[in-house]
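K.L.:
Here's the letter readout for the chains.
There are 2 protein chains.
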Amino acid sequence: MTTTTGAGHRQVRVALLGCGVVGAEVARLLNGNAADLAARTGARLELVGIAVRRPGRDRSAAGVDPALFTTDTAGLVSGALRGPVDVVVEVIGGIEPARTLILAAMAGGASVVTANKALLAEDGATLSAAAEKHQVDLYYEAAVAGAIPLLRPLRESLAGDRVRRVLGIVNGTTNYILTRMDETGAGFADALDEATALGYAEADPSADVDGFDAAAKTAILAGLAFHTRVTAADVHREGIGEVTAADVASAHEMGHVVKLLAVAELAEDGRSVGARVHPAMIPLTHPLAGVREAYNAVFVECESAGQLMFYGRGAGGAPTASAVLGDLVAVARHRVSGGRGPAESTYADLPVHPMGQTTTRYHIRLDVDDRPGVLAAVATVFAGHGVSIQTVRQEERAGQASLVVVTHAARDEALAGTVAGLRQLAVVDEVVSVMRVEGM
Amino acid sequence: MTTTTGAGHRQVRVALLGCGVVGAEVARLLNGNAADLAARTGARLELVGIAVRRPGRDRSAAGVDPALFTTDTAGLVSGALRGPVDVVVEVIGGIEPARTLILAAMAGGASVVTANKALLAEDGATLSAAAEKHQVDLYYEAAVAGAIPLLRPLRESLAGDRVRRVLGIVNGTTNYILTRMDETGAGFADALDEATALGYAEADPSADVDGFDAAAKTAILAGLAFHTRVTAADVHREGIGEVTAADVASAHEMGHVVKLLAVAELAEDGRSVGARVHPAMIPLTHPLAGVREAYNAVFVECESAGQLMFYGRGAGGAPTASAVLGDLVAVARHRVSGGRGPAESTYADLPVHPMGQTTTRYHIRLDVDDRPGVLAAVATVFAGHGVSIQTVRQEERAGQASLVVVTHAARDEALAGTVAGLRQLAVVDEVVSVMRVEGM
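So the sequence lines, in the order shown, correspond to chains A and B.
Per my numbering, the first sequence starts with residue 1, numbered consecutively.
Per my numbering, the second sequence starts with residue 1, numbered consecutively.
A hint or two may mislead.
Unchecked claim - Facing chain A, a subset of chain B residues (Cβ under 8 Å, in silico):
1) N31
2) A34
3) R313
4) P319
5) V336
6) Y347
7) D349
8) L350
9) P351
10) P354
11) M355
12) G356
13) G399
14) G439
Derived from the structure by calculation, the hints contain no laboratory data.
C-beta: ideal position from N, C-alpha, C; glycine also.
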């Protein structure tokens with residue numbers, strides 16, 4: 001549907017849905033970098049319209065012709081309003097009306113670039129099937145880890161390899177909070193307050209701190225890594241609201257740091273996939289340990305390539321717009337050459353195993369009675385659940401005895417059962433801290 | 001030229017040139033992962049022949065049919081020996097006969113996947129023009145930083161952004177040597193001996209330690225980042241042979257570490273490109289500082305995306321084979337769909353400015369006379385070259401006075417002139433250490 005202008009330059013017609021922080025930056029770059037983008041694409045990227053909810057708002061920063069704005073989103077997508085559209089860029093977010101608009105765009109023959117992680121993680125199958133049916137591109141690099149080129153490497157560069165495991169820090173808000181807790185010894189509430197004051201956390205921080213945002217990204221990563229359909233509902237999710245200053249201090253004592261990890265992994269036998277988000281202690285020597293503040297990074301373990309890491313900004317207008325524009329150039333090139341990018345591949349179709357069947361390790365801190373036989377009683381509980389202990393450290397502080405146990409790898413259900421058993425034990429006053437240990 | 005087999009499965013016919021460490025691993029993976037590769041490609045990847053120089057050698061590890069081996073490389077490429085070829089994978093290395101074979105392959109309509117950094121950095125223009133002329137793909141992810149997906153992100157994911165600077169650790173041998181010097185305080189010669197003993201350095205280590213390998217990779221990176229043709233001869237090159245234990249210790253004292261850096265950068269005014277390889281001190285807080293042993297990493301500064309880093313193994317049979325196979329899957333997909341990947345883009349066509357015009361900072365350690373007026377004399381030399389001093393530290397040790405100066409950013413020619421001037425100065429006994437400082 002590319003048109004040839006009088007001067008012989010091809011034109012790719014782009015409709016932009018949404019003009020918030022990301023949308024405005026996309027519009028600004030399309031405008032400001034037009035010559036470079038045309039040289040790289042082989043076509044002029046022509047912004048034909050920008051769908052907004054509130055047309056009256058001041059959007060002069062985007063530097064685009066005010067006549068481009070419209071509230072008739074459906075008309076813009078269908079081509080009824082501004083003529084045919086080659087690519088629809090969706091940066092509205094949320095499930096509806098984004099899904100209906102994307103499906104309408106594809107039905108009309110347009111390719112789609114989206115940053116909508118929630119929609120992809122909930123109903124990627126529908127979008128993907130529509131892209132296949134209408135033979136258009138569906139690209140979404142910006143949906144996971146913002147500016148970091150990650151999905152294209154997973155989908156294309158590693159297509160000849162076997163991914164075993166993806167370990168990611170994919171939420172900047174929680175990483176900022178945990179970094180501050182680590183640096184200042186603050187508790188979760190104080191660190192959250194600081195993040196909110198600085199604009200790193202939203203007024204309602206639940207999507208971030210409870211792990212919903214990270215879970216959606218984990219579903220997308222797991223799907224791409226293991227060629228399998230994974231939805232957000234498949235992802236085991238624990239937020240950082242219960243991480244205490246004592247947990248962070250305890251991690252430090254053993255040369256670790258606490259991070260909210262997104263984990264997507266192949267089972268040992270290769271027959272199922274695990275997908276989870278939870279706080280975990282990782283060793284300071286792990287490349288992810290140095291990822292601080294609001295940065296994101298994703299660590300990928302492959303059979304042939306070995307360990308890889310991708311690091312950068314996970315959010316913000318300009319970084320996200322960079323990812324959107326990269327996709328837009330790719331999709332526009334396909335329009336010019338007449339092809340399509342590699343479609344989503346879910347041929348492996350593996351089941352997602354429940355959290356209980358995941359193999360992990362626990363760090364457990366107990367306040368215990370200060371008398372002989374306590375360690376024996378505690379060790380018996382571990383043994384009863386088939387969990388083997390890697391290290392145990394006994395501490396006495398102000399008349400209170402503590403045990404810090406780090407287990408060997410075991411099934412999560414056995415580890416959780418062990419903790420429940422310890423809570424029943426008469427000699428245990430309190431289970432002070434329980435956290436998984438990853439990245440060994 | 002894809003053929004359809006009886007069962008309705010398409011076939012992509014692959015010729016492999018070279019069966020050393022990388023080639024044998026490529027053959028093994030093509031064989032072992034055939035079903036996965038077919039599902040991801042949409043076609044069966046059929047290895048039709050492997051060109052080797054010494055057919056008698058034991059290659060059972062690759063697990064391929066011995067009948068595939070041939071010494072008739074030209075016949076294999078032309079199709080005369082085993083029938084038509086869709087993709088030629090070149091892992092022979094070196095300039096000739098690799099160039100002639102690649103050109104012959106493309107003239108015959110085959111796409112090419114190569115890991116040949118030396119050839120690409122010397123004569124990429126010829127290869128690229130041939131790919132364009134014959135409308136075939138030329139992919140070479142494995143040529144820079146081995147397994148790290150880097151070229152595809154630069155070429156595609158960041159196609160909507162503007163890269164300002166690429167800072168890379170792209171040679172594992174030198175990074176191993178510098179890591180050991182940093183950890184043990186050893187001098188260059190001892191660390192090189194250790195690297196040789198462990199197989200990290202070759203018997204003739206010149207390509208690595210003198211920076212030739214890194215310079216070839218820098219040329220490729222600079223070309224992709226700035227859409228300009230850059231050859232290895234354009235790259236300013238200094239190796240690590242003159243890095244002393246004192247330099248490494250001096251870096252430590254100011255919270256830095258010494259790395260062999262590959263730098264590709266756009267001039268401040270955007271009108272020329274710099275490309276250089278030399279040892280440099282970088283702050284311990286920089287993400288590249290933590291890249292140790294034989295690992296590689298490339299740090300990219302973009303206008304919109306901000307700071308990105310790609311980290312992983314830069315060499316070795318399996319990691320390099322992973323990159324080759326990723327390219328092979330991409331090229332095979334294009335064969336199936338009838339398209340081509342994005343070709344090399346050199347539209348910007350910027351000149352490469354000489355090293356003297358590069359902006360950098362110097363760390364200089366001087367042994368000086370221990371008497372009043374020395375600092376004034378030294379400072380006058382800096383001022384005379386228009387170089388401004390950021391910090392100066394005076395030390396006295398065993399009757400010897402030292403000055404450690406770190407400059408502000410200035411043109412390299414002014415900094416080099418300052419050092420020459422200092423050497424002339426009567427009060428300066430010796431210029432003990434001179435090293436650039438990057439990554440601030």
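K.L.:
Measuring from the C-beta of B:L350 to each C-beta in chain A, is the shortest one below 8 Å?
P.N.:
Not OK, violated: B:L350 not within 8 Å of chain A, min 12 Å.
K.L.:
Any CB of chain A closer than 8 Å to the CB of B:P354?
P.N.:
Hint on B:P354: violated, closest Cβ of chain A at ~26 Å, above 8 Å.
K.L.:
Quick check on the hint: B:A34 CB to chain A CB, less than 8 Å?
P.N.:
Check failed: Cβ of B:A34 comes no nearer than 11 Å to chain A, outside 8 Å.
K.L.:
Take the shortest C-beta to C-beta distance between B:N31 and chain A; is it under 8 Å?
P.N.:
Cβ of B:N31 sits 13 Å from chain A, so the hint is violated.
K.L.:
Just to be careful: measuring from the Cβ of B:P351 to every Cβ in chain A, is the smallest value less than 8 Å?
P.N.:
Status violated, d = 18 Å.
K.L.:
Restraint: B:G439 near chain A, CB-CB cut 8 Å. Satisfied or not?
P.N.:
violated (14 Å)
K.L.:
Can we keep the B:P319 interface hint, with Cβ of chain A closer than 8 Å?
P.N.:
Cβ of B:P319 sits 5 Å from chain A, so the hint holds.
K.L.:
Given B:V336 as an interface hint, is the shortest Cβ-Cβ distance to chain A below 8 Å?
P.N.:
Not OK, violated: B:V336 not within 8 Å of chain A, min 10 Å.
K.L.:
Take the shortest C-beta to C-beta distance between B:M355 and chain A; is it under 8 Å?
P.N.:
The hint is violated - B:M355 has no Cβ within 8 Å of chain A, the shortest such distance being about 27 Å.
K.L.:
Quick check on B:R313 please, does its C-beta sit within 8 Å of some C-beta on chain A?
P.N.:
holds (5 Å)
K.L.:
When the nearest CB of chain A is found for B:G399, is that gap smaller than 8 Å?
P.N.:
violated (41 Å)
K.L.:
So, as I understand it, the hint says B:G356 touches chain A; can you test that by seeing if any CB pair is closer than 8 Å?
P.N.:
violated (29 Å)
Of the hints listed earlier, those the structure fails to meet are numbers 1, 2, 5, 7, 8, 9, 10, 11, 12, 13 and 14, in rising order.
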